[in-house]
Every structure is written in structure tokens, then in C-alpha cells.
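Protein sequence lines, in the order shown, are assigned to chains A and B. Numbering-wise, the first sequence is residues 1 to 248 according to my numbering. Numbering-wise, the second sequence is residues 249 to 685 according to my numbering.
Warning: the hint list may mix true and false statements.
[Said to hold, decoys possible] Computed cross-link-like contacts, EDC-like style, restricted to lysine to aspartate or glutamate with a CA-CA straight-line distance of at most 20 Å:
id : chain 1 : residue 1 : chain 2 : residue 2
1  : A       : K152      : A       : E57
2  : A       : K152      : A       : E51
3  : A       : K187      : B       : E519
4  : A       : K32       : B       : E380
5  : A       : K187      : B       : E345
6  : A       : K54       : A       : D121
7  : A       : K193      : B       : E345
8  : A       : K197      : B       : E345
By construction, these hints were calculated from the structure, which means they are not laboratory data.
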Amino acid sequence: MKALVSVKRVVDYNVRVQVKSDGSGVVTDGVKHSMNPFDEIAMEEAVRLKEKGKVTEIVAVTIGGAKNEETLRTALAFGADRAIHVKEEGEVQPLTAAKALAAVLKKEDAKLFICGKQAIDDDANQTGQMVAALLDIAQATFASKVEIEGDKAKVTREVDAGLETIEVDLPAVVTTDLRLNEPRYLKLPDIMKAKKKPIDATSFGDLGVTPGAGFKVTKTTPPPTRSKGVMVKTVDELVSALKGKGLL
Amino acid sequence: MSVVDRFTGIGLRWVNQIAGAPILDRLGLRRPTEQALYHGTRIGFRSAAAAARGFKRVQTLGQPARPSSPSTSGLFDLTPSEDQQMLQDAARRFADEALRPAAAAADAAGAADATLLEGAAELGLGVLNIPESLGGAGSERSAVANALVAEALAYGDMALAVAALAPSAVSNALVLWGDATQQASYLPAFVNEHAPMAALALHEPQVLFDPFALQTQARRDGADYVLSGVKSLVPRAAAAELFVVAAALDDGEPALFIVESSEAGLSIEAEPAMGLRAAETARLHLDALRVPASARLTHDAAAYRDAVALSRVAWAALASGTAQAALDYLIPYVNERTAFGEPISHRQSVAFAVADISIELSGLRLTMLRAASRAERGVDFLREAALARRLAADKGARIGSEAVQLLGGHGFVKEHPVERWYRDLRAAGVVEGMLLI
């Protein structure tokens, strides 16, 4: 069984993100980027399924500019067998990404599509669901456990009330939650071996996708800074201070 | 004929007439006159050209022309390649998530956790340098990648980095200088999941130790060598199965020998040190230890020199990683710690000290990478390695000391990692050997 895993290059989670002075977005130039952590979990899950013999081939796919090749190399070092690079230098919104990924999924005829539940840059949490809708296949989102049995997948999901276990027919889309697994450390020899694995380039044009802009980001602002607190000495002072603010 | 041409034409004719006049020679005026003419004509021509030039204001909507960036393989370009960057990132992640949190406990215990070292071995630190034909993943010399990895690991913790990298020193030595038989006998074990613990034993407990004047003797006795002496500060010697030991031949020339820990005449004595405590340093006593002539690593005199130099680059890389950890710890500290109602970084004595650390670290790092890069390319790198060692010894220790100083009382207590970094950074100036990049 073939598994397709989408990976996105995002600003590293350790970076203190800064908003551009003109409010048109966040600073990405000269900032460390890495693979979206949820996509790492997706890669790890695919590799584990392959180790269990459930998956025979892992294909990693990304959409974006030339620099995204690094992310694909990371995916290959993780254990993907080959990679597909949908080259696009411009902005890609979730629906466009979903259309492209759906086209790749169809072309590859993969039975399982695993992706992070969201990317930590725009936190859209839409792409996986849209891929499933576009292809009219099952979706199992926020997975915390994935088991493959024959042509079905049993997926435990994290929902507000607790855990929910659902069974979906394959092909299906699985989006990963934080507690699905703990991604392994990349082995240095695997990084060297990843160089020899193939990366196929394709484009929206090849996939028959027209990039569209369903929405427009009008302004990006940093969160308000916390104003300085006031120290009070006694409970009475606290009560009167709270009353003064109309909180009591 | 343009105005300018005509003007210069007249000028030249006039110049030639004067310059050609025989009276100048008679009066001894030729030289000064020629000089005057030279200056005169030059200025004349210049003003003639300027007079004819006019700047025309042109409006264009095109992009301004700028020189483009040259390709990145220039003389001073030390940007890591994509592979090197990925290797460094992978090692750094392990350092941040596994080594750093374990460092304080490992330092207190004076031992590295076995699971942690297994995790490090699983990263495949040693496999990188072993050629593919022997089951490894290496295809070309990778001194720069090794240095970056050592640096990244030392960013987590220097002692644990030494413990984790110690076996690679032996596998590297075998890759670089072992003959086919030696490689085939030992290297496959290093590719295995459970690679053997191994260590390089170079340092000796001598006053003003000189790695090129070894006290440990390798006396030729028939078909064997008999090794006698004491090696000092050998990392994780108690757990090691294999050593590469440096000893002086009968003529005083240093050489490297493969010694298995099971050989008779070998005993190990713990030698805890000021720093590198988690690396479990120990002394190796060689008491008339007999090894066959085939245990000698190479007959090439340059190999030993290279071994010392590669080890020095490795130490500079470790020092650079730990010094960077100290700097990255300091900057937020001095910005957040307040005294007299403001962050201590507002005091020049603090700000300048932090800046000095950054400057010295950059110097150390660039020199180290240059040495590694030359080693990788196979050109002479002994000078650069010596410079890197000197900077690692001087500046590394100074950075450690300054970091303790800048943290004030916090620098002295074990609540903060800085005192450990100071103790570890002192090692760079003391120890020879241990690692090979």
C-alpha cells in the first residue's frame, strides 16, 4: 500500500515570530525554517506503518518554492522513498493546496494520505479536510492512534469529550494530532542517503490546478503587550483596587 | 572632427614641438619640462573631455543594475552545504532535546547515561565517516560536517559530546590510516547498531605534555611491539573495547597502535577531572603490553601529525559549540537581570564583555572551520589547526570565565549551567587527543 505524506516548510517553532513593520505579514527572510511539526508526526506515522509492513511505499509531497526542497530532503531522511515537489513561488491558500494535493493523490493512487492537522504558520486546519472532500473519500482528523486492517483504517481521534474511535474505508485522509507519536531523531547516515532518493518536480499547471485567492490577509498585527501590573500590600488594598476597576 | 578631438590635436602638436626642442637638453631642462608637460597635458585632456560631457536625465521604469551575488563556492564562503546544514540541524536537535536536559545529572554523577549514549549511537555519528563499501554512509572526507556535528553536540553538553563521539575517533583513525585488513577486522563492528565503545589514547600525564615527544614506548621485539607507559584523560576508557594508542617507536618517532581492551598488560584507573565529568576520563596503564606488528596503524609519518591536528580541530569545534551555548545563555540573562532599576546589559562593562565574547567566538569558529575545510580538501592544515587550538584554549577558557563573571553569583552555583561550561571549556586548553574529526 502506498502512503502519501504532505510536508510544509514553516518558520521554525523555536523562532520568536516578528510582524513586518508594514503589517503585511510576518518576517520570514533570514529566519530559520523547518518542517511543520505536525507533518513530522505524519512522516513518523507513515514510517512506523511501513516498519509494521502495512505500508510499502512512502511518497512525500510539498508545495512551494525552491527552498522547500530542504523539507523534502528531511522527509526523505525520515524514511520517505521518493518525493514530489509541486513548484510554486507565490502564496498558496489551503483550497489551492488541497486541489494540488488531491491531484497528486489521485495520480499516485495512494491509499492513505497523511498530513498534519494544521501548519504552525497559518494554523488553517483546512487542507486535509478539503482533500478528502475534493476526492469524496473518508477523512479521519486529529488522529492520536492509527491502525490499518485490510482496506480499512481504525483511527482514534482526540475530541473535546475525550477519545473517539472511528473506522474509515481506504483510501482515506488522516490528519495527525500532537499525541499520535513522537518523531524520531534523524539519523545522520539517513541524511546522506536521502541525497540519492529521487525528487520529481511538477507544477500547478501539470496538475491542472489554477491557483486562486479565496481570501485576502488585510493586516497582520502582533499580540498586544501586557501592561505592567500593580503590586498591592494588603487584601483591603486589593479589594479597593478591584472595586476601583469595577471588577467587584 | 569634434571639438574635443581638434582641441587635443592642437594640444599634442604644441606638446611635441616643445618636447622635441634640442634646447632643453642643452640647458639641462629636459626632465623638469617633461614633468610639467605631462601634468599640463593630463589636466588639459581631462578638462577637455569634461567640457564636452553632459549628463542627460533619463527616466526609466526598469530595475537598477546591481552586481549579482557570486556563486557560493568562493574563498571565504563558509556557508554549510545543504547536507552539512541538515547534519548540523539533526545533531543540534539531539543536543537541545536529549543532551542539554541530561547534562547536569550526568555531570553530578560523573557518568553518562547508557540509554542516552545508545540514542547518540543510533544517530549514526560514527557511520558517517565509514565508506559505503564497508557498510557506512560516507563517500568523501567530511571534516567540515564532522566539525559542525561536534560543535552542535557540544552546544548541548561538551562532556556528553565527548562521550558520544569518542568511538568515532577510533573509527575515523581506521578509515583514514588503517590498512585493508585492519579496516575489515574492526570497521564492520562500528556500522552495527551496537557499535563498540572505543577511544583514542593520546594524552600523557607529563609536565608540558608534547604529543610529538611521547613517553609511552613501543619497543620492537621480534614480530611484536611491546607498549609501556601511561595514557591520560582517555574518555570512557572503562567501557571501551578498543583503543588507538599513541606511543613512541625505538627512534622516538610517534606511531599509532590498535589495542584491544582484552590484551594482557592493560589496566584502567579512573581519573575524574575538573570538567568533562560525564565523559568518565581515565588513565590507561600499559605494562609491557604486547601487540603484533599488524596492530600498528600506519607507517606514514604524516599520519600521526594529521591525527594530532584533526584532534585539535575537533577540540576547537567542541569549544566553539560550548562557548556559543554560553553566549546564547548570557544574552537573555543580562537583558532580564536587573540591578539599580534597569537591565544589567545597560552597563557598558556588561555589554562590552558580551560583545567581546561574540567577537572572540567568531574568530575561534572561523579559524576552526577554515582548518576543517582545508583538512577536508586534503591540503596542509597544520597551521590552521594550531591557530584554532590556540584560540580554543585561550578564548574558550576566557569565554567560560567571563560567562561565570557576567552571571555574578548565579555563575558560581549549579542552578545555572554556566559553571559547568566553564569547567568543560578549560579542557580545550589541556587535553590532546580524545576526538578526531
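Structure-based check of each hint:
no., hint, in the structure
1, A:K152 <-> A:E57, "18 Å, holds"
2, A:K152 <-> A:E51, "18 Å, holds"
3, A:K187 <-> B:E519, "33 Å, violated"
4, A:K32 <-> B:E380, "32 Å, violated"
5, A:K187 <-> B:E345, "15 Å, holds"
6, A:K54 <-> A:D121, "32 Å, violated"
7, A:K193 <-> B:E345, "24 Å, violated"
8, A:K197 <-> B:E345, "28 Å, violated"
Violated hints, listed in ascending order, are 3, 4, 6, 7 and 8; each of the other numbered hints is respected by the structure.
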